[in-house]
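Produce the entire structure from the sequences given, and follow the hints as far as they go.
Protein chains in written order, with the numbering used here: chain F, 3 to 315; chain C, 3 to 315; chain S, 3 to 315.
Note that these hints are calculated values from the structure, not bench results. Check the hints yourself; a few may be wrong.
Unchecked claim - Straight-line alpha carbon distances no greater than 30 angstroms define the calculated DSS-like cross-link-like pairs of lysine-lysine that follow:
(1) S/K33 with C/K37
(2) C/K33 with S/K33
(3) F/K130 with F/K13
(4) S/K39 with F/K39
(5) S/K26 with F/K39
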Amino acid sequence: MKHFTSVNDVKNAREFVAAAGELKKDTYAFKHLGKNKVLGLIFMNPSLRTRLSTQRAAMNLGLDVMVMNFTGEGWALETREGVIMDGDKPEHIKEAAAVIGQYCDIIGLRSFPGLEDRDRDYDEELLKFFMDHSGKPVISLESATLHPLQSLADMITIEEFKKTRRPKVVLTWAPHPKALPQSVPNSFLEWARKMDYDLTIAHPPGYELHERFTGGLEGVNDQYSAFEAADFIYVKNWSSYRDYGKILSTDRNWMVSLEKLRNTNDARIMHCLPVRRNMVIADDVLDSDASLVIEEAGNRIYAAQIVLKEILT
Amino acid sequence: MKHFTSVNDVKNAREFVAAAGELKKDTYAFKHLGKNKVLGLIFMNPSLRTRLSTQRAAMNLGLDVMVMNFTGEGWALETREGVIMDGDKPEHIKEAAAVIGQYCDIIGLRSFPGLEDRDRDYDEELLKFFMDHSGKPVISLESATLHPLQSLADMITIEEFKKTRRPKVVLTWAPHPKALPQSVPNSFLEWARKMDYDLTIAHPPGYELHERFTGGLEGVNDQYSAFEAADFIYVKNWSSYRDYGKILSTDRNWMVSLEKLRNTNDARIMHCLPVRRNMVIADDVLDSDASLVIEEAGNRIYAAQIVLKEILT
Amino acid sequence: MKHFTSVNDVKNAREFVAAAGELKKDTYAFKHLGKNKVLGLIFMNPSLRTRLSTQRAAMNLGLDVMVMNFTGEGWALETREGVIMDGDKPEHIKEAAAVIGQYCDIIGLRSFPGLEDRDRDYDEELLKFFMDHSGKPVISLESATLHPLQSLADMITIEEFKKTRRPKVVLTWAPHPKALPQSVPNSFLEWARKMDYDLTIAHPPGYELHERFTGGLEGVNDQYSAFEAADFIYVKNWSSYRDYGKILSTDRNWMVSLEKLRNTNDARIMHCLPVRRNMVIADDVLDSDASLVIEEAGNRIYAAQIVLKEILT
Chain F
3 MKHFTSVNDV KNAREFVAAA GELKKDTYAF KHLGKNKVLG LIFMNPSLRT
53 RLSTQRAAMN LGLDVMVMNF TGEGWALETR EGVIMDGDKP EHIKEAAAVI
103 GQYCDIIGLR SFPGLEDRDR DYDEELLKFF MDHSGKPVIS LESATLHPLQ
153 SLADMITIEE FKKTRRPKVV LTWAPHPKAL PQSVPNSFLE WARKMDYDLT
203 IAHPPGYELH ERFTGGLEGV NDQYSAFEAA DFIYVKNWSS YRDYGKILST
253 DRNWMVSLEK LRNTNDARIM HCLPVRRNMV IADDVLDSDA SLVIEEAGNR
303 IYAAQIVLKE ILT
Chain C
3 MKHFTSVNDV KNAREFVAAA GELKKDTYAF KHLGKNKVLG LIFMNPSLRT
53 RLSTQRAAMN LGLDVMVMNF TGEGWALETR EGVIMDGDKP EHIKEAAAVI
103 GQYCDIIGLR SFPGLEDRDR DYDEELLKFF MDHSGKPVIS LESATLHPLQ
153 SLADMITIEE FKKTRRPKVV LTWAPHPKAL PQSVPNSFLE WARKMDYDLT
203 IAHPPGYELH ERFTGGLEGV NDQYSAFEAA DFIYVKNWSS YRDYGKILST
253 DRNWMVSLEK LRNTNDARIM HCLPVRRNMV IADDVLDSDA SLVIEEAGNR
303 IYAAQIVLKE ILT
Chain S
3 MKHFTSVNDV KNAREFVAAA GELKKDTYAF KHLGKNKVLG LIFMNPSLRT
53 RLSTQRAAMN LGLDVMVMNF TGEGWALETR EGVIMDGDKP EHIKEAAAVI
103 GQYCDIIGLR SFPGLEDRDR DYDEELLKFF MDHSGKPVIS LESATLHPLQ
153 SLADMITIEE FKKTRRPKVV LTWAPHPKAL PQSVPNSFLE WARKMDYDLT
203 IAHPPGYELH ERFTGGLEGV NDQYSAFEAA DFIYVKNWSS YRDYGKILST
253 DRNWMVSLEK LRNTNDARIM HCLPVRRNMV IADDVLDSDA SLVIEEAGNR
303 IYAAQIVLKE ILT
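Here it is, written out as structure tokens:
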């Protein structure tokens, strides 16, 4: 594996997810792989789960880690070509990426969409720059449009808890006070399709995701029927792709509560966290055995670890 | 030892302090204990001494360390039960604590009192949440009302420098421009009583500490007589417990200077640092051999290390 | 080597630079040296290259690293003697340096000039305080007036790429929108003189550097003639030493472009980075094989590593 930015960087998703499950059973078996190697983690936005889980994964493999936080610290990078840099941006991304590539053996990059210019966000400029200019393998720690390590952890979790060979998996939109990226649902769909789950998408009108990720599967606007016989319900807010970055619905009826799980197949509830209680998911779900959100967060370690292992071998 | 939040988590304080002294003589003897284990350090307030000394202690035991600074970074955690999280707090402490527990084997937590609502501060809500929800051993790196690692380092220092079996130890209030917590004096008293030192407390009227920590020992308002024949003088400012969080005295006559040590038993001066020179303690003391403040800061390593060692074994 | 703050701490600059080149060939040969030792890195200003390269160098030697960022975090240190600390500075540098010395075996310090009071900047007060009060070896990670690790990396790079025994090396001023320190050019000249390069300095009138660094070599005001037959051109902006900290010229004709390299001896272009493209150096140079800026940044690792190795042995 050269870079890891989406499910498309993985030869066989099912085998990859299974290999992560194996790794979880013998966490330190490959600690020799990271010897004398350094992972650099670059955060253009604050991160808790992603930083800690990736750092832990690296430690499990014997890698050293250097963390760079560029959130609000005024480390503004110029990305335009040919510009005269006489403003407030002291460094061009070409140099920044190449220099970081000199100091690290693998680079993890967290970027974020502006949610204003759709083409620009979906072009993944920052990620591409680092792949083109750093000279080192780049791992997406969430990009403008995808969150592959999260999705990989989600798949590991589903495989761990599924009770049937081909579970019914529902991705449902839920309300949220802020406009959020489409990266988690985009990426979840890409991975879940490769896993060949029985997939359903539920969201209010206007929240359709790009066909590249849905694979043409149409979303339903009726959450109740979508949940019927579900084995897993993946709850997540996202802003509109069509009316890009906009909040089209604030309908709190889309919140997932215990009552809504009645006609499911004892569905387990997933969410990438952080989750706003009683807004996205109700307390009665999060505090019940139906919730897998902590186990899912725990699997972020093994998602990052299998990716790092693949790159190191 | 499960958690470490006060002297009450230690079976025998004198033996524990002695064991820390032994550890100091052979710092790397237990480096195997931390293998494949990670200590997570969470700071809700900035920290210099506590972070560095605990990090060093962890390294001495072969532990990996992950540091999380949540100071002013807008990582606002919701702590209330049952609330609809539609405001500016993106995550509930229940999830945050449980997730961090997934990534770390031991958790160190630094919190701080608001100094406005006494009951709330003395309830130690944040510390309790992490103990209840993380599933991992929690070490207090200073809580709203106690600073046990500091006090343990203080005891190690007294044992190292005492010239009599049962030294006279004076805790004295000193002036300060800002309202400070009671955590250091509260904790110092808890530990010093377990060590069975000959204890005296001196402070202006209104600065009485809670009986749970003084054990009923009444403070005197005359610093001069308190210092008589003292072996150790522990200098510290704190705000009022009675008029909670208030500064009741700005009397600079309470500053400790060399002249005041005349009728002591060549008393050594201690302070947890940072210390405001010529406000809390005079230059002539801090620059003299009477001062133990640097040695005391150095012992923070062994305080943290013996606690980590106990948790790891 | 006790401390490392300038070329004067090195016995023989040429041998030292050669030794760094050797280290680069066998990066992990001395990984045992750092065992059970901790390097503390203190940044009074943000840093990318310096932190990462020094951290990597430390890892290559088996050292543990603790990073302290005091940039804008309100960790204001008092440095004046005898003052009553009743203002906004909670700690005196005497205690801070001594305490950090308790926790670290080697200290790296990054400070920065105020560019207002020349005598104060050139007095290097902060660096001296740490050397005097920490009790540990101190490495300058750039001080108010010198940047010795950068210069050492520059020398390693010149030695690596030179085609003649005694190359012609030109230090040229270039325009910049902000007032910058003289530390990089000061330090570059000190080192280049010890290496006995054929040295030329070019800058607009008023940008003369202190004789202590130029060794009496007068700068020329004609960049064109200065570049003639040059083997290496070191491009850097600095503010005036005479009119201290002032920008005296904004003449963009001093920018280095490919066209200007015509009458050189296929000169290689160097810069310490970050570099403002098309302001200091043109795209056509930075994107061409003439540029050595990335290799130069890479050599920061070996500069830091040879210094750490010397201190450890």
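Practice task
If any of the earlier hints don't hold here, list their numbers in rising order.
Solution key: none
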